[in-house]
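In order, the protein sequence lines correspond to chains A and B. With positions in the first sequence counted from 1, the corresponding number in my numbering is that position plus 62. With positions in the second sequence counted from 1, the corresponding number in my numbering is that position plus 441.
Among the hints, erroneous ones may be present.
[Claimed, not checked] Beta-carbon label-pair distances, calculated as ranges:
#1 A/I171 - B/A687: 17 to 23 Å
#2 A/A115 - B/A687: 50 to 56 Å
#3 A/D317 - B/L595: 53 to 59 Å
#4 B/V561 - A/D355: 23 to 29 Å
#5 A/T504 - B/Y598: 34 to 40 Å
#6 B/A687 - A/T281: 52 to 58 Å
#7 A/I171 - B/W553: 17 to 23 Å
Just so you know, these hints were derived from the structure itself, not from any lab. Using N, Cα and C, we set each Cβ at its ideal position, and we do this for glycine too.
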Amino acid sequence: MTATARAFYGDFVRTFGNVLFAVSLFVVWGLLTLVGVVVDQGQDPSSYFQSYAAPIARAILRLNFDNIYHSPWYVGIIGLILLSLAVCTFKRVIPARLPPLHPVSVEKIPLHATFDVDGEVGDVRRRVAEFFAARGWQMRERCFGGIEWSFADKHNWARRGVLIAHTGFVIVAAGTTLYWARGFSGDMAVLRGATAQVAQTHALIRLDDFAYKIAPIMTKSGMVYQPIDYVSHVIVTGKDGTPKAMTVRVNHPIDVDDTLYYQASYGFGMRFAVSRFGRPDRALSSRTFLEGDSFDLPGTSRTVIYERFAPTVDKQSGMPTADPRVNNPAVVLDVAQGGSPLGAALVPLASSIDFGDGWRLVPQQYVIYSGFQYRHDPGVPLVGIGAFVLLAGLIVSFYFLPARLYLRVDPLTAGRVRIGAAATTVKGYDVFESEFERLMVTLRGEMQHAVG
Amino acid sequence: MPLDEALIATALGAYTLGALALLLYFFSRTSWLRDVGIPLAIIGCVAQFVQLIVRYETTHVWPLLNLYGSLSLFAAMSVAIYIGFAFRYRLWFAGGFVLALAAIFLAYGVTWYEGTMPPVPSLQSYWAKIHVPIVVSSYAAFLVAFVFSCIYLLKFYAQRGVTQTGDSSGPVARWLAALPSLPQLDVIVYRAVAIGLPLISIGIITGAMWAKEAWGAYWQWDPKETAALFSWIIYLAYMHLHTRHAWRGLRTSWVSVIGFVSIIFCYLGVNIWISGLHSYKV
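Model the full structure from these sequences, guided by the hints.
Here you go:
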């Protein structure tokens with residue numbers, strides 16, 4: 063390795079191994095995440111210009127803040143965090159958390175105590191070791207430069223908590239990557255009585271029936287129509303070619319060939335009787351349009367958009383109500399001319415609306431549809447394991463306090479020795495101060511009591 | 442008045458009176474005020490938990506599925522966690538602040554009460570009984586951390602003022618000396634965050650598992666999910682900064698305060714102001 067490369071490697075390790083650098087990355091990650099909370103994601107570019115001043119809208123679009131979680135910034139910052147995590151783990155966490163046994167200057171450690179007791183060195187050392195062993199401390203003896211040291215460790219295994227948490231984070235990242243690489247997802251709307259095919263798996267889904275249950279409830283603020291249940295009865299044909307009757311509900315997805323299907327939404331498809339000068343347009347009249355679908359009127363520059371279904375229109379006011387149950391339905395149609403909106407109209411079922419140039423349209427029949435989401439995610443087991451490991455690491459790190467006591471027993475005069483003790487923990491000294499004091503008071507008492 | 446409403450009124454009254462007593466105790470250190478405040482805190486907390494049970498028993502609807510119920514649990518858990526800390530580490534001096542916040546959040550929750558409603562389909566899951574209490578408990582732990590962070594900051598800046606004026610034997614200095622030391626306060630904040638962070642981690646994980654079952658993806662970048670992730674990142678930063686001696690104390694206390702602001706945004710701001718998959722208000 064050349065000197066330049068060595069210097070670069072040194073700088074890299076220093077930077078990425080620095081906790082403050084990791085925290086800086088967290089701050090940037092947090093801010094980018096917050097941007098995604100505040101700025102609506104995945105909207106049409108024009109909607110940002112409607113919601114924000116033009117310079118801000120331009121900045122949102124140019125910086126990918128409209129799809130921030132899949133932007134190079136976001137993926138990049140997570141990559142940098144993983145890199146920092148790896149360097150920190152090997153260069154900082156392991157050496158700091160798993161220190162070798164070595165002698166220390168007892169007086170230089172903030173948590174220390176020194177006191178004299180009667181007894182022979184070997185005997186006192188043995189009794190000190192027994193004292194700590196009886197309280198669950200793991201004792202080890204080492205000789206450095208002719209001086210006997212005793213090391214007492216508590217929850218030594220818990221020093222690996224941070225390592226475990228970091229490993230969990232990496233496993234979660236691996237699971238997520240696996241979905242990006244091998245998984246897929248999508249959604250589809252299936253009309254009652256119709257069959258749809260999933261492009262990736264070729265599974266066939268036929269919607270036999272869809273039902274919803276809405277409960278009108280009078281609250282203090284007025285009537286609320288609370289949805290209680292959405293249920294789709296489907297016939298599914300998977301890889302084995304055998305049709306199976308299944309039921310999909312919210313919170314109760316079905317599994318077909320390792321792809322899960324979820325009840326996501328519902329809506330109303332609509333068939334329109336479209337005619338020009340009284341002659342039906344068979345092509346348009348035979349189609350069923352879903353909410354949001356549009357069609358052009360042949361021979362004109364007009365577009366009709368089936369905006370939404372209004373299940374209940376108030377008979378007196380003629381306006382749609384909040385009641386989602388179908389009772390006197392209508393449709394909301396938007397009309398555009400050459401791409402520019404002309405206006406919207408509420409058209410009751412079986413009523414006719416004139417679009418000019420001889421075109422008339424009658425909303426004839428509605429058909430309910432069920433919206434499904436599907437997802438194949440081979441990364442789920444890894445994400446689950448990673449989450450469990452991450453959590454285990456956090457719990458070990460937070461709820462166990464690995465502490466090490468450095469103990470030495472030195473002869474003073476014949477029959478009298480000095481016990482020196484110092485303590486370190488992975489979480490500083492304040493957190494262990496009172497326990498250390500208690501331990502030393504008890505140790506002193508027992509050593510003197512034993513002599514007495 | 443129905444029993445559950447009477448219990449809420451009892452809790453609200455107990456918290457308000459307890460907060461007054463313990464706030465006066467905080468400033469005066471008159472011990473009888475503490476002896477009045479402690480039972481009031483316990484009575485309020487017990488009344489709240491009993492109210493939640495009564496409501497569940499009478500309506501058979503899990504009571505935490507709207508802001509009224511979850512804010513009620515938030516207040517109760519904040520006081521419960523605080524009481525645990527206070528008994529363990531002798532921290533009754535801070536009770537006034539916790540009880541005052543609990544009373545405010547509980548009273549705010551009551552304003553969202555619209556009567557009993559059956560849950561919407563996505564909330565009809567056993568995960569509601571796991572995810573919601575865990576997440577709300579994490580918020581409660583962060584509230585306790587926030588209170589002690591504020592006391593840390595109060596003591597730090599007041600102590601600095603006393604040092605600058607040189608009035609080290611005045612009443613303010615004596616009052617400050619009666620509070621725990623700054624390192625002790627820092628350890629208390631750390632312990633509260635150490636309860637909240639694993640809980641919010643479990644909450645995010647269980648929420649992801651529920652989302653997988655209900656919406657088809659364990660992570661959809663819904664405002665609530667991302668706001669929770671944001672708060673998690675802040676407390677993760679807190680934990681990492683706490684490993685640095687130079688950052689421990691003053692700076693980490695500020696991070697804890699910012700963290701709690703983010704929690705409130707995640708909890709109330711997202712539910713109320715930002716529409717998304719978690720917009721469950723009533």
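task = Could you say whether the range 17 to 23 Å given as a hint is met by the Cβ separation of A/I171 and B/A687?
result = Taking Cβ atoms as reference, A/I171 and B/A687 lie about 18 Å apart, which means the hint holds.
ask   = Taking 52 to 58 Å as the hint, is the beta-carbon distance of B/A687 and A/T281 inside that range?
value = Given a distance of about 54 Å, which is inside 52 to 58 Å, the answer is holds.
ask   = So the hint says 34 to 40 Å: do the beta-carbon atoms of A/T504 and B/Y598 match that?
value = 39 Å, holds
task = Look at the Cβ atoms of A/D317 and B/L595 and judge whether their distance stays inside 53 to 59 Å.
result = Since the Cβ atoms of A/D317 and B/L595 sit about 56 Å apart, the hinted range of 53 to 59 Å holds.
ask   = Within 17 to 23 Å or not, the Cβ separation of A/I171 and B/W553?
value = Violated, at about 54 Å.
key: 23 to 29 Å as the expected CB spacing between A/D355 and B/V561, which holds or is violated   = 27 Å, holds
inquiry  = I want to verify a distance hint. Is the separation of the beta carbons of A/A115 and B/A687 within 50 to 56 Å?
reply    = Hint violated: Cβ distance 41 Å, outside 50 to 56 Å.
Of the numbered hints given earlier, the model fails hints 2 and 7; all others are met.
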